[in-house]
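> The chain contents come next:
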Amino acid sequence: MHELSIAMSIVELAEEELALRSGAAIQAVHLKLGRLSGVSREALQSCFAMACSDSPLAGSRLIIEEIPVTIHCSNCVETRRLDSIQFFCCPVCGLAASDIVSGKELEVVALEILE
Amino acid sequence: MSAAPRLVEVRKNVLKQNDIVARALRERFRKAGVYVISMVSAPGTGKTALLERTLILLQLQFRVAALVGDLATDNDAKRLARSMAPVRQITTGTICHLEAAMVEKALEGWDLSTLDFLFVENVGNLVCPSSYDLGEDLRLVLLSVTEGEDKPLKYPTIFNSADVAVITKMDLAAATEFDAELADRNIQAVRPGMQIFHVSSKTGAGMEAFVGYLNSRLTMQRSTRIGTISS
Chain F
1135 MHELSIAMSI
1145 VELAEEELAL
1155 RSGAAIQAVH
1165 LKLGRLSGVS
1175 REALQSCFAM
1185 ACSDSPLAGS
1195 RLIIEEIPVT
1205 IHCSNCVETR
1215 RLDSIQFFCC
1225 PVCGLAASDI
1235 VSGKELEVVA
1245 LEILE
Chain D
491 MSAAPRLVEV
501 RKNVLKQNDI
511 VARALRERFR
521 KAGVYVISMV
531 SAPGTGKTAL
541 LERTLILLQL
551 QFRVAALVGD
561 LATDNDAKRL
571 ARSMAPVRQI
581 TTGTICHLEA
591 AMVEKALEGW
601 DLSTLDFLFV
611 ENVGNLVCPS
621 SYDLGEDLRL
631 VLLSVTEGED
641 KPLKYPTIFN
651 SADVAVITKM
661 DLAAATEFDA
671 ELADRNIQAV
681 RPGMQIFHVS
691 SKTGAGMEAF
701 VGYLNSRLTM
711 QRSTRIGTIS
721 S
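Protein chains in written order, with the working numbering: chain F, 1135 to 1249; chain D, 491 to 721.
No lab work stands behind these hints: they were computed from the structure.
Honestly, I wouldn't trust all of these hints.
Residues from chain F shown here face chain D by an in silico Cβ test under 7 Å; the list is partial [as the list claims (entries may be wrong)]:
id : residue
1  : H1136
2  : L1170
3  : F1221
4  : S1232
5  : V1235
6  : S1236
7  : V1243
8  : A1244
9  : L1245
All C-beta atoms, glycine included, are put in the ideal place defined by N, C-alpha and C.
Construct all of the structure, not just a fragment, from the sequences and the given hints.
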């Protein structure tokens, strides 16, 4: 369970960004979360509320965009989306694929700042 | 009246602080010429037993050392000290994984250029360590025969984040009716092409191949390093 420390890092990062820009508070944090990031979406949501208290983020929302795992298939020469993270093979031709294109993201993409 | 919020683009990795420290560590390891191997597994898989056996074997030829992470106790460090290799304990308290800064702190005052291999044993946990780069050259994921062949399918993220898999306690394979082929297949499903070793730290079976592999990785890294420096 490392979601609380991840949530605290998100709050810290958002506070740093707020300090760089004019603004009074943060209303929402937009996050990209890959399915292979090793972070649970549900656990992160509940930890975020905790991590926000007593900060300019208190009461703010964490808006999570889940990023699916995509691989590059060397046989099809295409990027393909995997439905399962248990079988790393091309869903079209079936070739084993270890070349991961996306799915490891853990990235703050935007903030909603109140003046 | 309340104004609408302003949407500001940020695009920053949440673990950037860890990644910065990990990158600096990796650079430091390369300069010192030390090959760094981290180990992750569930609690009780046999990380310390494998490490003890590996340190003893590698010491015949190389200068080796280890950092071992645990929530509490320094039992593992004491046990590993029997190998006579330098060992430092990282006690993480309530934290369930190692972070790059903990490795950096544990290495304070240590001249890494006196080493060939440095091992970093993570806290026993198959979930949390996957997100944290420790600056290592090679990440080993361990699975013991008593845990079942489907462990890779249950914890695909950590297997996917690792470079090499080691199946431990092979001396118990018959007693537990462990299907090694099925386990290998499951590992390949979550991480195609992954190299797998089957070992018993108790009997020493499979250790020669495993240690030989580590040896070849060190040789390979040093040859590319010399190449980089001379070019």
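> Looking back at the numbered hints, which does the structure fail to meet, lowest number first?
5, 6
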